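Student: Protein chains in written order, with my numbering: chain A, 1 to 318; chain B, 319 to 760; chain C, 761 to 1030; chain D, 1031 to 1388; chain E, 1389 to 2046.
Hints were generated in silico from the structure; no laboratory data involved.
As the structure is a computational prediction, the values presented were derived from the model and not from experiment.
Glycine included, each C-beta is placed from N, C-alpha and C at the ideal position.
Keep in mind that a hint or two might mislead.
What the hints assert, rightly or not - Footprint (simulated), chain D over chain C, 3 or more residues, beta carbon under 8 Å:
{"no.": "1", "segment": "836-850"}
{"no.": "2", "segment": "854-862"}
{"no.": "3", "segment": "871-877"}
{"no.": "4", "segment": "886-894"}
Said to hold, decoys possible - FRET-style restraints, in silico, Cβ to Cβ:
{"no.": "5", "chain 1": "D", "residue 1": "1340", "chain 2": "B", "residue 2": "661", "range": "26 to 36 Å"}
{"no.": "6", "chain 1": "B", "residue 1": "621", "chain 2": "D", "residue 2": "1059", "range": "54 to 64 Å"}
{"no.": "7", "chain 1": "C", "residue 1": "953", "chain 2": "D", "residue 2": "1181", "range": "31 to 41 Å"}
{"no.": "8", "chain 1": "A", "residue 1": "184", "chain 2": "C", "residue 2": "953", "range": "38 to 48 Å"}
{"no.": "9", "chain 1": "C", "residue 1": "787", "chain 2": "D", "residue 2": "1261", "range": "43 to 53 Å"}
Listed here are the chains, written in short residue letters.
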Amino acid sequence: MDILYKIFIDPFVQMGTAPDLLVQTLWDGLVAGVLYALIALGFVLIFKASGVFNFAQGIMVVFAALTLVGLHEHGVPAFVALGLTVLVMLVLAVGVERLMLRPLVNQSSIILFMATFGLTYFLIGAGQIVFGGSPKVMIASDLFLPSGAIEFKGLGGFVSLQKIDIAAVIIASVMVGVLAVFFQRTRIGRALRAVADSHQAALSVGISLEQIWVIVWFAAGVVAIATGILWGARSEVSFALQIIALKALPVLVLGGLTSIPGAIVGGLIIGIGEKLGEFYWGPLLGGGIENWLAYVIALGVLVFRPQGLFGEKIIERI
Amino acid sequence: MRLKHLALGLAVVTAAPAAAATAQAADGLYVPLFTYRTGPYAGSGIPVSNGLADYLNMLNARDGGIGGVPIIVDECETGYDTKKGVECYDSVKGKNPVIINPFSTGITLQLIPKAAVDKVPILSMAYGLSASADGNLFPWIFNPPDTYWDGAAAFIRHAADVEGGFDKLKGKTIGLVHLDAPYGREPIPLLQALAKDYGFTLKLYPVPGAQMQNQTALWLDVRRDRPDWIYLQGWGAMNPTAIKEAAKIGFPMNRLVGVWWSGSDDDARPAGAAAKGYSSLDINAVGSNFPAIQDIIKYVVDKGKSQVASKDKVGENFYDRGVMMAVLSAEAIRTAQKLTGKKQVTGEDVRRGLESLNITAAGWKALGLEGFAGPIHLSCADHNGHDAVALVQWDGTKWEKQPGMIEPIKDKVLPLIQSAAEDYVKANAGWPKRTEACDKSS
Amino acid sequence: MRAPSSREVRLGEALLAVENVSLAFGGVRALTDVSFDIRKGEIRAIIGPNGAGKTSMLNVINGFYPPNTGRITFKGEARTTMRPYAAALGGIARTFQNLALFRGMTTLDNIMAGRALKMHRGFFWQLIRHGPALREEVEHRRRVEEIIDFLEIAAIRKVQVGRLPYGLQKRVELGRALAMEPDLLLLDEPMAGMNLEEKEDMSRFILDVNQQYGTTIALIEHDMGVVMDLSDRVVVLDYGRKIADATPDEVKCDKNVIRAYLGEPHGISA
Amino acid sequence: MLYREVGQYKTSYAADMAIFPILQDRIGLAAILLIAFVVIPLVGHDFLLNTVMIPFLIFTLAAIGLNLLTGYTGLLSLGTGGFMGVGAYACLKLTTIFPHVNIVIWVLASGLFSAAVGVLFGLPSLRIKGFYLAVATLAAQFFLEWCFIRIPWLYNYSVSGAIEVPLRTLMGIPVTGPTATSLTRYLIVLSIVVVMTWVASNLVHGRIGRTWMAVRDMDLAAELVGIRLLRAKLLAFAVSSFYCGVAGAMMVFLWYGGAEAEVFAIDQSFLVLFMVIIGGLGTLTGSFFGAALIYILPIVLREIPAALGLPVHPSTVEQLTFVIVGVLIIVFLALEPNGLARLWQIGKQKLRVWPFPY
Amino acid sequence: MSSINPALDTMPKLLIHNAGVIGGRPAIRHKDFGIWQTWTWSEMLEEVRAFSVGLDELGLKRGDKFAIIGGNRPRLYWAICAGQALGAVPVPVYADAVAEEMAYVLAHAEVTLAVVEDQEQVDKIIAISDRLPQLGRVVYDEPRGLKDYDHARLIAFEDVQRLGRKKLAGDAGCLRQWEAAVAAGKGGDLSIILYTSGTTGRPKGVMLTYENAIVSARNANAFDNLGRDEEVIAYLPLAWIGDHIFSYVQSYVAGYCVNCPETPDTVVEDRREIGTTYAFAPPRVYENTLTLTMVRMADAGAFKRKLFDFFIAVARRWGEKILNREKVPLGARALYGIGNLLVYGPLKNRFGLSRIRVAYTAGEAIGPEIFRFWRAVGLNLKQLYGQTEASVYVTAQPDGEIDAETVGKPTPEVEVKIAENGEVLFRSPGVFVGYYKDPDKTAEVRTPDGWVRTGDAGFFDSKTGHLKIIDRAKDVGRLNDGTLLAPKYVENKLKFYPNIREAVAIGAGRDFVCAMVNIDLTAVGSWAERNNVVYSSYQELAGHPRVYDMIAQHIDEVNRSLAEEGVMAGAQIRRFLVLHKELDADDGELTRTQKIRRGFITERYAPLVEALYGGATTADISTEVTFEDGHKGAIAARVAIRDMKPYAARAAKMERAA
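Generate coordinates for the entire structure from the input sequences, incorporating the hints supplied.
Tutor: Now the structure itself:
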């Protein structure tokens, strides 16, 4: 009975007795969720337009952040470095399209998936050669990102909102909004959505497939820069950061591989879900459950909706 | 066709180590260094690897090696990956290494059983298996100057000192934030024993490898539990994240103490001023203000023979840690030369040298490293020393050594080591009995 | 050049009866109150304009879709839902309009796969692939070779089906269905996309199957000439409703049928 | 060119369905086995045996295991590392509880445990497909990894939290533990891999293999010919995990001689998946090629600068290795998406039709 | 003359003998249901006996004629023997014969029973049955599609065997009775009637006795040391004397195994699987194979092509010498050895020729280039000259005495002489009994003292003593100026070019020689692909100017070589055209053995011939063709004509014998 109490009653008692902690957990979950969603968004963009399950999204985050900080270290002013980083991501997108996607056009999705592994290896090696393996400190203040925290007293304690987290939520929301507008309202965006349905349709809009690939990879690169800056500011910029990208996978399948709203909602569910789970139930199992909890949540949803929450229903035609 | 490819591959694989082996058949002390400058833990690995290699290279450049015999420094990149570490071991073991620095607890664990068979002494300085401090059962493994248990015990002593005595610990809550891997869990048994003895509550906060940079929920737990002290046994990117998160929840920084592997400059730097007051145990001094380190700069760094990114990285805490590893290796070899009277010593000789290793304060001074570390004295039975450790504190930009040294609680640690070593041997049926003779000097 | 004694219609009792079956997908009615039967030994054609619900009908029969209302009696056993696996077990085999071959496998393996239900040798024998497991393989291989011989596809026995031309793939698919030794064979447009010669070959195979193995066949076909030549009786569907059910000759003259086909680009050309 | 197929005719189905119907292939196989069992032990030193051959064979076995699932049955799994771990920990527990039973038996038996775990995590595969399933298997990977760290019983409460491999002998010769020579371990690993490869080839060439491939190629049609999808998929999960489990047990007991849970991390899953795909989905030979390329190639690359006497720092070599392997993966995929086995097949076909191009 | 053991003087007797002596050895194989189904001699005896007794039950009697129609399947070979065991006479008919042709043969032979392969043949027989009043039961091998047929007349092969087996099982005396029937057969009895599709007129039924066949087979086996270990593949028409002797009689005499391919399309693969040791093929087969080789090599990579060319050159230089066991320098021998490993061995392996000990070509002249090529790569290819009327063998080349342009020496027990007009005559124990129901024709061909006119013109080469055939005797004509013209000789020279499939040379009674050429679609198609020549049909390709250029070049070369031959110099081709359609046996343009029927062709293409001699540069033609399904249609085309420049005759004096 004790164990049942601990599972089913105690956590909720805790929530009631220490609402500040609940609010804090939810907030932290929200922030994590938004950042997961941001990485997942990079995946979705590419998957939707080119059918590539881009495993390299994680290393792109690291690569973007490293480029930014590395340039700054060489004396390039912060915002110039940011601009140059955007340029580097554009070059990367073009390179990926030319050297990786073109030779692999029409291959099965698992092959493309594997190719992005090759890209990951390449970027890990190249990144280390260029920038070295040492961790770097994100130039948050040079980019006018706030530091410090806002604390609210009350609720039986206090709730502390890191300014960088607030900034992260705002920036992520803005990016998601911009991307949504871009894909819903612009010609290129419509073409991109058309690509998801049929490549012929895209051609009729007057944009070549190659261009679209470059655009989505570039967009994913920009998303990677944002993720890199925000996540780097939360800890440090190092190659270990790519592990974070694995977190985007459950988010992705939970939301549905092709859905932008799915990525956002999935990110929030996973972010908040895992933080709540770890915080209230994790100690029962000795902690550290966060790592698989996200996947189990995703798995649970998938069993009932195999295509994810927002994925297109898989209709089996015969 | 397939055969042809296979043969070609085999040729390269078989020929490569052989070629290298012949290259160093000439006189020289073969010292392979398992270092890593790549992978997720590169942040911690780079400075240590640099210090380690640079000191030995300095000896070659300045003294022509040790006792006139050049040191053949052979770095093998492990990427902190056990698999590659074992690969490194296999590739060097045919070349008669005199001492091996695995520089990874995981790799050390793999090598412990092999060392006795291959007759290679393993120096796992302040890492590896705590139980291997027992020289009777682990004649080939050396982990001076302290085990993780000494570290944890020293931390408890420090906490007790601050609180005003061991009796003040009663009723306190002490947290252990650790990497959820063998390395991170190492102090748990000792802390549990001490918790029982001193009456404090131990809370464990494991950080899975994949969550290193995503510790928010864990620190919320900390905030809920409100521990009085936190001992941090982290590695790589886990450390800066933990320190930042600690600052975020407003945990008092002077109550956060890291093990010596959580004391890299790169660990504290990202948090910057917020980390002010964070302290870390240390086993070596910080800074480049030592003649030997100046020699490194002169003979190695300035000559462009070092891998350091810039000169100011020389003298960082972890760089000096690497230097200390190198000093212990070099001095073990020197001792072996003295013991045997041979210049070209073997692994077996160096094992004896390690057991007779004795670096006094004067000895450190003679090495041009006065006050660099406490005296190191090993024996056949004690491969560790369980020496007093220093404490350094982050002042917002760099580490400041705190006055005094902290003695580990030896009477608690030693019996635990004894029983752990016996457990290890019991679990590994057929563990060889020590047959190696003990030198008189030790 | 067929023998003068034309194929006599041997109609046995009903093998399968469809009673008042209706099927809807999210408000779109695919089938409305359809009833007909298939008798043992006959070739039954299901025809109708595009979107008439023909394929849906086959999908209901072999269990892909459970009908919303109505029931299906197969071999005297009434049912409303059934998994495709159970249908296979009951003796219903099927080919598809757009081919559903195992593209990565050879012709031989595809047809061998059709014998999945007949092979029982256990996992542990399979591990060593000797003794009983091998004997079983050989025994079924012999049966499969008969089908290969029957369908004249010996030359492509060991070719991956994905590399075969369309017409041959269709033949392999028929082979796979035949390997199941079905009581009822459902053919969904077996001649779609074929040229005249291939159509003639396929027609011959269908007739031969029916004749030689006594297999009851239900087929959907667009080519009216083929339908008229092959089938004993014809069901005509239009917008999911049955509009006629008679012999080919009667259907040809049926007013409803003609009307239903008028909108179609391809009229009846028998 | 080497092939002379004239006069090789089959008078029985058993001969026609043999796995190596061509005489020259049988000779080649015999030659390879001869090299593996006789020549390599004679010429091989520790580095070749311990660093190249043993891991190569173990990875091959894991790759075969994953290939049965992903290549033959079409179910993408990223839980290989976890399943390998189950085998390793099961083997440790078995040999701890029953120390006197031959370790080779336990190595094989440990596969049964991973098979059971595999079946458990394979259950969702009935509904979940493709990348969704891959991510779902990650749940297994991370959960198992967590178990390995968090359940001390699994590692016999050892202080280090790692598996410590005890000494076990076979007819008086040490097989596991530090005193086991690499030659002994090599021969045992080789024997197990050879036998299990043979068994795998039996499976895939028979009824079960066809069932799996049918499910892979078109599951709806497979169900229609009377294949029970869930049963086929779970069997694939079971057999695949069995192979991975045995590979995991061998990895720890016959290669590392001790391991932390980290060995069975997600990287391992990716590595094995690489081998399968680069080697060729749905071919057993491909698993050998894949393991060779992905595992041995970096070793060779790392040794090249030293062998040539180039003054390149080991860490730079490592980074370059990453770059080169990354590029090679993309190049290989572009050249031959069906994997090295396909290239091998094409090469073989070329030899068969020599001197003609087709 | 020859003596023949009376105990083994018929094939059924040989069968019983073989079943007793080598009963466990394979007698016949058939690739069926994916594997090589094998029957040993004793198993085959059982099958034949069962069928034979079954036929007896169906009422087949001694002296009856029965038809065998179908491909190379064991059961049809068995049927031949089964009927012979009863003393009945098999009449094999070409399986691809159209109903019309078949009706004539069956009616002429007065067959009372037919053993046919499948529904296709049954349908043909049913279609013509009203013209075959004597025909009784029709036995079919393949039941496919015949279920609903009227079985009053049809009966399945296995049902006949079942009848026989039942009878054999039920009646102990039956076996003895059957054996007695076999024993009653005599070597001098009529064993078979083979209808030859002559170049003109109706087919004639050549009657051969057992002795004819067996002596020929025995001599042939002895000539090439053929024993029971040979493997041969049966793929030529059953109704052709070559296949009959080769796949049936010689096998029974020597005790070797005959292999029936799975389908006619898989002969090459099947031959490769079996690894035949003794082969017999018309030149066309060797020619096609060589063409295929060259076409494929043209698609090979540069390195492979270079390698191939190099070693083929080596082979051309030394190969034949090595094959003839002449003295060859060690270096050349080593080089040839490498070539054998890299090129010749694999090449022969691909075509299933690796194990061939002796390969024959016959029926027509083979291009010397083709012939030498195969010999150079180590294939022991030899020529023989034979006729149905001779039970095949007239002359053959003994090992070591091979020449591309001759057909060898008379085989054992054969005498050959050349008539005044150049016609070749022979006399041998294999000489036929006569044409069935046609004593006039028989008398025309066979002289009272036993010499048979071959109808071919030829001479004995003075150097080698080998016979050389130049043309049909009646086709050898003269131009208006009296120049000798052997059209076939010219045609063959043309046909040796892989691009030319068929050629028709005309000119007898005219002023000069003209040629009509058929291109080879495979070779020219491949050439077109490599040279970016676009075409949509055979007709378009044939009429393409660049194709004309190419053919013109070939003809130019032929002219030059004719000019060098003195006697033939006047027969140089002045004008030519490329035919718009392939000459086809279905249209009667070729014989069933794929020989051209020159007279028919000149008649059929009269407008073209007129144009050739009329000086026009184009000509229109419309021809009726028969499609595969039997219905007829017309093809109309405008065909271009080109002029050629003749070379001046060289003074080289050709030795002409006879």
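Student: Output the indices of the hints that this structure fails to meet, ascending.
Tutor: 7, 9
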